[in-house]
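Novice: Heads up: the sequence shown begins at 1 in UniProt numbering, then just goes up one per residue.
To be clear, the hints were calculated from the coordinates, so they are not data collected in a lab. Predicted, not measured: the structure shown is a model, and the values here were computed from it. Each residue gets a CB set at the ideal place from its N, CA and C atoms; glycine is no exception. Careful: at least some of the hints might be erroneous.
[What the hints assert, rightly or not] Straight-line Cα separation of at most 20 Å, PhoX-like style, residue types lysine-lysine; simulated pairs:
(1) K720 - K803
(2) K328 - K135
(3) K562 - K79
[Said to hold, decoys possible] Each pair of labels, with its calculated beta carbon distance range:
(4) I295 - R530: 45 to 51 Å
(5) A638 - L318: 47 to 53 Å
(6) K135 - A505: 39 to 45 Å
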Amino acid sequence: MKLQLLAIAGWSVLSILATPQIVRAAEKIDLDPRQPAKSVTEWMAQIEAATVQVSAVKVERSENELDIILETTDGNPLKIGAIRAERDRLIAEIPNARLALPEGQSFQAENPTADIALVQVIQESNQIRVLVIGKNALPQTLVTLRTGQQSYALNEEEESEEEEVVVTATRTEEGVQNVPRSVTVVTREQIQAQSNVNRDLTSILGTLVPGLGASSEAQQSFTQTLRGRPPLVLIDGVPISSNIDNDTSVANLRRIDIASIDRVEVVRGPSAIYGDGAAGGVINIITRRAGQNQIVSTAEIGVRSVGNLRSGSFGNLLQYGFSGQQGKVDFAASITRDSFGTPFDAEGDRPPIFADSEANSTSMNLFGKLGVQIDPQQRFQITANYFNDAQSQNGDYDLTVGEIPGIQKARFLDRPVEFIDSTDPFNRGTLFQFDYRHDRVLNSKLQAQVYYRETKTAASLFDNRVFDADSPLALGRSVVTSERFGGRLQLETPLASNLSLLWGADYSSEDSEGNYDVFDVDEFDSSGGRRARRIGSAIRIAPFTIKNLGLFSQLQWDVSEKLSLSGGVRYDNFNVSVVDNWIDGETGFAAQGGDKTLSDVVFNAGIVYKLTPQVSLFTNFAQGFSLPNLSRILQQPAAGFNFAEDVTLSAPQKVDSYELGIRGRWRNVQASLAGFYSYSSLGTTVEFTDIGDEFRVIRSPQRNYGVELAVDWQPSDRWKLGGTLTWSEGEREDPETQEFLAITGYEVSPLKLSAYLENETLPGWNNRLQAVYIGRRNRAFNAGIDPVGIESYLVVDLISSLKLGNGTLSLGVKNLLNNQYLNIGNQLSAGFDDSFGAASRGRAYTLTYRWSW
Numbered sequence: 001m002k003l004q005l006l007a008i009a010g011w012s013v014l015s016i017l018a019t020p021q022i023v024r025a026a027e028k029i030d031l032d033p034r035q036p037a038k039s040v041t042e043w044m045a046q047i048e049a050a051t052v053q054v055s056a057v058k059v060e061r062s063e064n065e066l067d068i069i070l071e072t073t074d075g076n077p078l079k080i081g082a083i084r085a086e087r088d089r090l091i092a093e094i095p096n097a098r099l100a101l102p103e104g105q106s107f108q109a110e111n112p113t114a115d116i117a118l119v120q121v122i123q124e125s126n127q128i129r130v131l132v133i134g135k136n137a138l139p140q141t142l143v144t145l146r147t148g149q150q151s152y153a154l155n156e157e158e159e160s161e162e163e164e165v166v167v168t169a170t171r172t173e174e175g176v177q178n179v180p181r182s183v184t185v186v187t188r189e190q191i192q193a194q195s196n197v198n199r200d201l202t203s204i205l206g207t208l209v210p211g212l213g214a215s216s217e218a219q220q221s222f223t224q225t226l227r228g229r230p231p232l233v234l235i236d237g238v239p240i241s242s243n244i245d246n247d248t249s250v251a252n253l254r255r256i257d258i259a260s261i262d263r264v265e266v267v268r269g270p271s272a273i274y275g276d277g278a279a280g281g282v283i284n285i286i287t288r289r290a291g292q293n294q295i296v297s298t299a300e301i302g303v304r305s306v307g308n309l310r311s312g313s314f315g316n317l318l319q320y321g322f323s324g325q326q327g328k329v330d331f332a333a334s335i336t337r338d339s340f341g342t343p344f345d346a347e348g349d350r351p352p353i354f355a356d357s358e359a360n361s362t363s364m365n366l367f368g369k370l371g372v373q374i375d376p377q378q379r380f381q382i383t384a385n386y387f388n389d390a391q392s393q394n395g396d397y398d399l400t401v402g403e404i405p406g407i408q409k410a411r412f413l414d415r416p417v418e419f420i421d422s423t424d425p426f427n428r429g430t431l432f433q434f435d436y437r438h439d440r441v442l443n444s445k446l447q448a449q450v451y452y453r454e455t456k457t458a459a460s461l462f463d464n465r466v467f468d469a470d471s472p473l474a475l476g477r478s479v480v481t482s483e484r485f486g487g488r489l490q491l492e493t494p495l496a497s498n499l500s501l502l503w504g505a506d507y508s509s510e511d512s513e514g515n516y517d518v519f520d521v522d523e524f525d526s527s528g529g530r531r532a533r534r535i536g537s538a539i540r541i542a543p544f545t546i547k548n549l550g551l552f553s554q555l556q557w558d559v560s561e562k563l564s565l566s567g568g569v570r571y572d573n574f575n576v577s578v579v580d581n582w583i584d585g586e587t588g589f590a591a592q593g594g595d596k597t598l599s600d601v602v603f604n605a606g607i608v609y610k611l612t613p614q615v616s617l618f619t620n621f622a623q624g625f626s627l628p629n630l631s632r633i634l635q636q637p638a639a640g641f642n643f644a645e646d647v648t649l650s651a652p653q654k655v656d657s658y659e660l661g662i663r664g665r666w667r668n669v670q671a672s673l674a675g676f677y678s679y680s681s682l683g684t685t686v687e688f689t690d691i692g693d694e695f696r697v698i699r700s701p702q703r704n705y706g707v708e709l710a711v712d713w714q715p716s717d718r719w720k721l722g723g724t725l726t727w728s729e730g731e732r733e734d735p736e737t738q739e740f741l742a743i744t745g746y747e748v749s750p751l752k753l754s755a756y757l758e759n760e761t762l763p764g765w766n767n768r769l770q771a772v773y774i775g776r777r778n779r780a781f782n783a784g785i786d787p788v789g790i791e792s793y794l795v796v797d798l799i800s801s802l803k804l805g806n807g808t809l810s811l812g813v814k815n816l817l818n819n820q821y822l823n824i825g826n827q828l829s830a831g832f833d834d835s836f837g838a839a840s841r842g843r844a845y846t847l848t849y850r851w852s853w
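Let the sequences and hints guide you as you build the complete structure.
Specialist: In C-alpha cells:
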C-alpha cells in the first residue's frame with residue numbers, strides 16, 4: 001500500500017510541476033495540456049514535442065579560437081548542461097535537444113585547428129553531446145560554443161576554475177553553486193599535500209572539513225561524527241560503513257590508502273538520497289581515474305619519524321601506480337606499503353598502543369580499476385581494492401599510574417605480546433564493484449552498480465580483570481566481521497529543458513557479528529603478560545543480518561537562471577534478523593533474538609537562489625531514516641533481553657534537518673556560511689559510568705545545531721590563505737526530568753578552528769603553515785555526563801615542497817611547536833582513570849619524493 005501511495009504521490013508532483021513548455025508542446029500534438037499523460041506513449045510524446053530542434057551546426061575558425069555554432073528551428077537559445085574535460089577531450093551536454101540536420105543525427109569536422117583532431121556533435125537519447133578531441137592532449141585553442149546570443153567557453157581557464165562539479169550531493173553531476181546543501185570537496189592535490197604530515201584520512205578530513213569532528217587518533221574510539229551524528233562512508237558510492245562498526249570511523253576511513261584516492265566529497269546533514277544510516281551526512285571517497293592516452297607511472301618513497309627523530313620512531317613508505325588508456329580501454333592501479341614506527345609525545349615518552357591507530361603498524365593497499373568505453377553511450381568498469389593494516393601489540397597501559405596522587409598521564413608498559421594460534425591486531429577490507437552506464441535507456445541515463453564488500457577488524461588484547469576480577473571474559477580481544485553485497489540502479493530522465501527526474505532503487509544484504517577471542521589466562525600470567533594463546537571464542541555482539549531496500553525519486557527544476565528547486569522522496573524497508581538465542585561473553589547473561597521489519601518514507605526539499613553569478617543563497621529540509629547501532633544494543637544486554645519484543649532500544653531513528661546558507665565563488669575568493677538544526681524524537685547516544693564498565697544506551701529526543709564557515713583567498717599567484725570554523729552543540733532529553741542535557745564529548749566536538757597560509761617562496765618551492773585549534777567544552781561535564789571538561793589545544797604543521805627533476809621533494813613537520821596535549825577522547829578517558837590519559841604525538845617529520853614518467 002505504501003508503494004502505491006508513493007507512486008501516486010510522485011505522479012501527482014510531476015503533474016503539478018509540468019512546465020509551460022510541455023503544455024505548449026502538448027497542444028501541438030493534440031494532447032490536452034491540462035491533463036497529465038495517461039500512458040507512456042503520451043508521456044514520451046509530450047517530452048518529444050518539448051525537445052528543442054537543432055537545424056544546423058557550423059564551425060568557424062580564427063587564429064586562436066574555434067567557434068561551434070548551433071542554430072535552432074525557432075531561433076531560441078539552448079540550455080547548456082554539464083561542461084567538463086576528460087583526458088584529451090572537451091565535452092558539453094545539452095539536455096532536451098535533438099539534431100534535425102539535413103545530413104542526419106550527427107556532425108563532425110576533422111582537424112579544424114593544429115591541436116584539435118575532431119569536432120563531433122552527436123545525438124544521445126534526449127540530449128546532444130558536443131565533443132572536441134585534442135591531438136594527444138587537451139586543446140589549447142579557445143573553444144566556444146554559441147547558441148543564439150549566448151556563448152559558453154569550453155576550455156577557458158577562468159571558467160573551469162569557477163565551476164566545481166560534485167556527484168555525491170544529488171547522485172548525479174552537479175555544480176556546487178547549484179546544490180542546496182553544504183558540500184566540501186577535498187581534492188587530490190590537497191590530499192597529497194596533507195599526506196606529508198599525516199596519511200591518516202581521519203586526520204586529513206578533520207583538518208579540512210567544517211562540521212567533521214577532530215580525529216580521535218586512536219585505534220578504537222567512538223565515531224568521528226559529522227554535525228554530531230554518524231556519517232555514511234562510501235567508496236565510489238559503495239557503503240563501507242556497516243551497522244556493526246559505524247561507531248568506529250577510524251576503521252571505516254582507514255580501509256583505503258590515500259594514494260588510491262582522487263578526491264573526497266563530504267555532504268553535511270542527513271540524506272534522503274542515500275538513506276542507509278546517513279544521519280550525519282555522507283563521506284564519499286572517489287578513487288583514481290585513468291590518465292591520458294599514454295601510460296603514466298607514478299612512484300613515491302618516503303621516511304618518517306613519529307617522535308622527534310628518536311630511535312624506534314622511524315617508518316617508511318613505498319608506493320607505485322600507473323594509469324593510461326589504450327583505445328576503448330582505460331585502467332589505473334596502485335600498490336602501497338606504509339609502515340609506522342613507535343610514536344613519542346612532546347615530552348619524549350611513549351604512549352600506550354591503544355592511543356594511536358598507526359603506532360607500530362604496517363599497511364598494504366592493492367587497488368585496480370579497468371574500464372571499457374563500449375561505444376559513446378555505454379561504459380563498463382570493474383574496481384577492486386584490498387587493504388590490510390596490521391599492528392604489533394608491543395606494549396600496554398601501565399595501570400599503576402591511576403594510583404599515583406594528582407593528575408598524571410598514561411604511561412607505556414613495555415610488554416610485547418606474542419600471539420599463539422591467533423594474529424596481531426589488524427583492520428582488513430576487500431571490495432569488488434562493477435559499474436555500468438548507458439546514456440540511452442528509456443529516454444534516460446542509466447547507471448547500475450553491483451558490489452561485494454568484506455571487512456574484519458581485530459582489536460588489541462585486553463585484560464578485563466583490571467575492571468572486574470570475576471569477569472567471565474578475563475582475557476580477550478574483540479573481532480568484528482561484516483560481509484555485504486548489494487546493488488544500486490538509477491535513471492536520470494529529462495522531463496523538459498529545465499526539469500529532470502532521478503529515480504531508482506538500492507538494495508543490500510549484510511551479515512555481521514562480533515566475537516571475543518578468548519586467551520589462556522594461566523599461560524599469560526606465567527609469561528609475565530607476554531604470551532597470549534587463543535583457546536576459544538565468545539559472543540560479544542550476536543550475529544545479525546540486515547536486508548535493506550530503498551526506492552527513491554528526486555526532481556530538479558531550474559525555474560530560471562537564478563532560481564532552482566529540488567525535492568524528493570525515499571522509501572526505506574529494513575528486515576533485521578538476530579540469532580535466536582545467545583550467551584553474552586562478557587556478562588554471561590542469556591538473551592533472545594528474532595526478526596523485525598521496519599520501514600518509513602522520508603522527504604527532502606531544497607532551494608538555491610543566485611543573487612549574482614558568484615553568490616547564491618541555499619536552504620534545505622532533509623530527513624534521514626536509519627537503524628540504531630545494533631552493536632550497542634546487542635552488546636552487554638540486560639538479563640532477559642528479547643530483541644523481537646523490544647520496543648525502544650531497537651526502534652529506528654528518523655532525523656529532521658533544516659539548513660540555511662550562503663555561498664560565494666569569485667576568481668580569488670571562495671566562501672561559505674551555513675547554520676543547521678536537526679531533531680530526532682528518538683535519538684541514540686550512550687552514557688558511561690566508568691571506563692571499561694558497562695555503558696547505558698539512551699533512546700530519547702535529541703537535537704543538534706551549529707554554524708560552519710569556510711573562507712579561501714588567493715590575493716596573488718604566490719599567496720593563498722584561509723580557514724574554517726565549526727561550532728556545534730548536541731543535547732538529549734533526560735527520560736526522568738524531561739530536561740535537555742548536553743551530549744557527551746565523545747560524540748559532540750568542541751569549537752574547531754583551522755587556518756592556513758601558503759606561499760610560493762621561489763619558483764617551484766612552496767611552503768604551507770597550517771593550524772587546528774580545538775576549544776574548551778564543559779557543558780557535558782557540568783551536566784554530569786562527562787567525567788571532566790574538555791580543555792583546548794593547538795596543533796601547528798609545516799609543509800614544504802620543492803620541484804626537483806621530474807618529481808617533487810616534500811618535507812612535512814607535524815606538531816611543529818611540539819605541544820604536549822591530549823586529544824578529546826583521551827581527555828575524557830583520563831577523567832575516568834589517569835592510566836588511560838594518553839598524550840598525542842609530539843613533533844613528527846616526514847620526507848618524501850614523488851615523481852612520474
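Novice: Quick one: which hint numbers does this structure break? Sort them smallest to largest.
Specialist: No numbers; nothing is violated.
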